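J.: Take a look at the letters that make up each chain.
Protein chains: 2
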Amino acid sequence: MVDILHRIGVTASPDDVYAALTTIDGLSKWWTEDTEGDSGVGGVIRFRFVPGGFDMKVLEAQPAERVLWEVVDGPEEWIGTQVAFELKQEDGFTIVLFRHEGWKEPVEFMYHCNTKWAIFLMSLKKLVETGKGDPAPHDVMISNWH
Amino acid sequence: MVDILHRIGVTASPDDVYAALTTIDGLSKWWTEDTEGDSGVGGVIRFRFVPGGFDMKVLEAQPAERVLWEVVDGPEEWIGTQVAFELKQEDGFTIVLFRHEGWKEPVEFMYHCNTKWAIFLMSLKKLVETGKGDPAPHDVMISNWH
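Residue numbers (this note's numbering), protein chains in the order written: chain A, 1 to 146; chain B, 1 to 146.
Rather than coming from a laboratory, the hints here were simulated on the basis of the structure. Source: prediction; values computed, not measured. One or more hints might be untrue.
Computed from the model, here is a short list of chain B residues facing chain A with C-beta under 8 Å [what the hints assert, rightly or not]: (1) Thr23; (2) Leu68; (3) Glu70; (4) Val72; (5) Gln89; (6) Phe93; (7) Lys104; (8) Pro106; (9) Leu121.
Coverage of chain A stretches by chain B, computed from C-beta distances (three or more under 8 Å per stretch; other residues unrestricted) [stated by the list, open to error]: (10) 3–9; (11) 88–100; (12) 119–128.
All C-beta atoms, glycine included, are put in the ideal place defined by N, C-alpha and C.
Assemble the whole structure, with the sequences as input and the hints as a guide.
T.: Below you can see the structure in the form of structure tokens.
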């Protein structure tokens with residue numbers, strides 16, 4: 001098993017970050033504009049991009065503390081993996097500890113997804129700090145795989 | 001053992017990317033301006049940032065294909081780890097596969113370094129595509145840990 005791990009700090013409250021992670025409106029402003037579904041615990045959120053997308057079942061949502069999703073549909077390498085966001089406060093920042101856990105193999109697609117998660121987490125940071133993120137299809141292109 | 005893995009694609013030649021990875025001038029234009037030392041195989045390159053730095057021994061340098069460093073001084077978590085850049089061509093891009101291998105534990109500092117490597121690899125991409133990167137101390141701040 002291989003995990004993707006990231007850490008950013010944002011000058012916004014944990015409540016604001018939590019809202020960006022647990023509402024369709026918030027999610028559509030930093031990851032992909034094409035976001036639909038039920039963002040409550042037990043619901044499934046459908047994230048779509050030009051080449052495809054991901055369906056995430058919301059397993060946990062603890063206000064201002066923790067969000068956990070399981071990938072229930074999408075690319076084969078993603079199915080069954082989990083995406084966790086943990087929030088804490090430190091030095092006046094809200095720290096987001098991110099994990100995309102349970103990759104079976106460190107395939108080249110995982111390298112790509114790791115770099116791309118960093119880009120989207122910086123979009124989350126920009127959204128909560130300035131009110132405007134860079135969700136797909138306006139996201140920063142990193143390679144031929146977009 | 002835990003590894004950091006990234007993938008970017010740049011619209012520049014493998015030779016140009018290789019030069020940015022194997023010359024003091026190139027390295028100082030995307031990772032940190034304070035870069036000194038011997039970038040030849042067997043040499044040690046000293047990268048310095050405001051809070052500290054890293055000494056990298058160059059283990060391999062295959063033109064336009066592969067660069068491998070070993071961390072010989074720096075933060076305790078980094079010592080003994082290896083940093084690899086592999087280059088290949090695909091769809092008109094030079095693809096950079098990056099690995100920072102051999103972390104003993106997935107500590108919070110590793111989360112930070114992973115996100116920060118993405119930022120610096122995007123600086124490498126910007127350098128080889130536009131002639132100007134964002135090396136430290138002009139790098140993008142991602143948190144209270146810089």
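J.: What hint numbers does the structure not satisfy?
T.: 1, 2, 3, 4, 5, 7
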